[in-house]
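**Student:** Produce the complete structure using the sequences and hints provided.
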Amino acid sequence: MKSAVIVFPGSNREGDVARALTVISGRAPAMIWHADSALPAGTDLVVLPGGFSYGDYLRCGAIAARAPIMGAVRAHAGRGGLVLGICNGFQILCEAGLLPGVLMRNAALKFICHDVFLRVERSDTPFTRRYNAGDVIRVPAANGEGNYIADAETLARLEGEGRVLFRYTSPEGKLDPAYNFNGATNAIAGILSEKLNVLGLMPHPENHVDPLVGATDGRGLFESIETALEEAA
Amino acid sequence: MKARVTVTLKSGVLDPQGKAIEGALKSLGIAGVESVRQGKVFDVELAGNDRNKAETALKAACERLLANTVIENYRVEVLG
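Chains A and B supply the protein sequences, listed in that same order.
In this note's numbering, each residue carries its 1-based index in the first sequence increased by 13.
In this note's numbering, each residue carries its 1-based index in the second sequence increased by 5.
Hints in this document: simulated from the structure, not taken from any laboratory.
The structure presented is a predicted model; accordingly, all values stated were derived computationally and were not measured.
Quick reminder that beta carbons are idealized off the backbone N, C-alpha and C, glycines included.
Be a bit skeptical, because a hint or two may be false.
Claimed, not checked - Mimicking DSS-like on lysine-lysine, the simulated pairs with C-alpha atoms at most 25 Å apart in a straight line are:
{"hint": "1", "chain 1": "B", "residue 1": "K45", "chain 2": "B", "residue 2": "K24"}
{"hint": "2", "chain 1": "B", "residue 1": "K7", "chain 2": "B", "residue 2": "K45"}
{"hint": "3", "chain 1": "A", "residue 1": "K123", "chain 2": "A", "residue 2": "K187"}
{"hint": "4", "chain 1": "B", "residue 1": "K24", "chain 2": "A", "residue 2": "K123"}
{"hint": "5", "chain 1": "B", "residue 1": "K64", "chain 2": "B", "residue 2": "K15"}
{"hint": "6", "chain 1": "A", "residue 1": "K123", "chain 2": "B", "residue 2": "K45"}
{"hint": "7", "chain 1": "A", "residue 1": "K123", "chain 2": "B", "residue 2": "K15"}
{"hint": "8", "chain 1": "A", "residue 1": "K123", "chain 2": "B", "residue 2": "K31"}
{"hint": "9", "chain 1": "B", "residue 1": "K58", "chain 2": "B", "residue 2": "K7"}
Unchecked claim - Quick list of simulated restraints, FRET-style, between CB atoms:
{"hint": "10", "chain 1": "A", "residue 1": "V36", "chain 2": "B", "residue 2": "E82", "range": "48 to 58 Å"}
{"hint": "11", "chain 1": "B", "residue 1": "R80", "chain 2": "A", "residue 2": "R170", "range": "27 to 37 Å"}
{"hint": "12", "chain 1": "A", "residue 1": "F124", "chain 2": "B", "residue 2": "S32", "range": "20 to 30 Å"}
{"hint": "13", "chain 1": "A", "residue 1": "D137", "chain 2": "B", "residue 2": "E82", "range": "45 to 55 Å"}
Stated by the list, open to error - Covered, in the sense of this in silico footprint (three residues per stretch, anywhere, with C-beta under 8 Å from a C-beta of chain A), are these stretches of chain B:
{"hint": "14", "segment": "12-21"}
{"hint": "15", "segment": "70-84"}
**Tutor:** Written out as structure tokens, the structure reads:
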């Protein structure tokens, strides 16, 4: 797998995701500066990492979404290339219009940082084929603005087309407001683009890939991407 | 030429910051506060004297960056 991690001023999880990609695929990603205008030839996967690009100025992800490199990311997505946006990366994808909706301030107004439980809604996507639909995974979350909202029409489309890939649930996989820690509409934690090749999610699967930290539930996402790319090759 | 752009949340969009400010105003005992919605103001200096051109440019600025029209409305005032 040939991956590229985009680094914006204020990104801070690029090292975590680079490490996860290296551990799982055996190949380190190219680290691409936001002011560049091209991706390395043959890039399979583009990752927009977590952090606080531009200090969250204006709106989370708003300025990063207009960075020079985003033209190349948009073109890559347009060709059906895989794009993964985690946390601030998800916010950037929404601001760039590559995914619908917005991430608003958490309903409780607090920055929340702890493990959360995600239900995998389907396994027939490039990002989840190594999970089963209905699996519940435990991964860390760390965000102040992770409260997903979209207009009613967009939500109906996302739900109707099966584009909600991860939802916040209880450890047993039950919808429960107590576990929807940021107040996201329909407990949405992650969504897909129309062609299922762009994924944005708030929590951090890249931080649960090593048994040393106590859980490896995030590995499946990166293993899925690798499997999907091998199958497509 | 000076202009002011005001960006506000659309009605119906949850505004937790506005709610927190509202709570703080009430706890200060400011009389008569019923609700607060917060927003942003941008004061922009523009080259030239053509008001129509300025308005067009600022609308483009709002659509492309200053406002997220999924959740926000904007208003452009060219002050001259």
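**Student:** For each hint, tell me whether it holds in the structure or not.
**Tutor:** Results for each hint:
1. B:K45 / B:K24: Distance of about 16 Å is within 25 Å: holds.
2. B:K7 / B:K45: Within the cut-off at roughly 17 Å; holds.
3. A:K123 / A:K187: 24 Å, holds
4. B:K24 / A:K123: Measuring from Cα to Cα gives roughly 13 Å; hence the hint holds.
5. B:K64 / B:K15: 17 Å, holds
6. A:K123 / B:K45: Holds. K123 of chain A to K45 of chain B sits at ~21 Å (cutoff 25 Å).
7. A:K123 / B:K15: With a Cα-Cα distance of about 22 Å, the restraint between K123 of chain A and K15 of chain B holds, given a limit of 25 Å.
8. A:K123 / B:K31: 21 Å, holds
9. B:K58 / B:K7: Given that 25 Å is the threshold and the Cα spacing comes to 13 Å, the pair holds.
10. A:V36 / B:E82: 48 to 58 Å: 54 Å, holds
11. B:R80 / A:R170: 27 to 37 Å: 30 Å, holds
12. A:F124 / B:S32: 20 to 30 Å: 22 Å, holds
13. A:D137 / B:E82: 45 to 55 Å: 51 Å, holds
14. 12-21: With 3 residues in contact (Cβ-Cβ under 8 Å with chain A), the coverage given for the segment 12-21 of chain B holds.
15. 70-84: That given contact holds, which follows from 5 residues of the segment 70-84 of chain B lying within Cβ reach (below 8 Å) of chain A.
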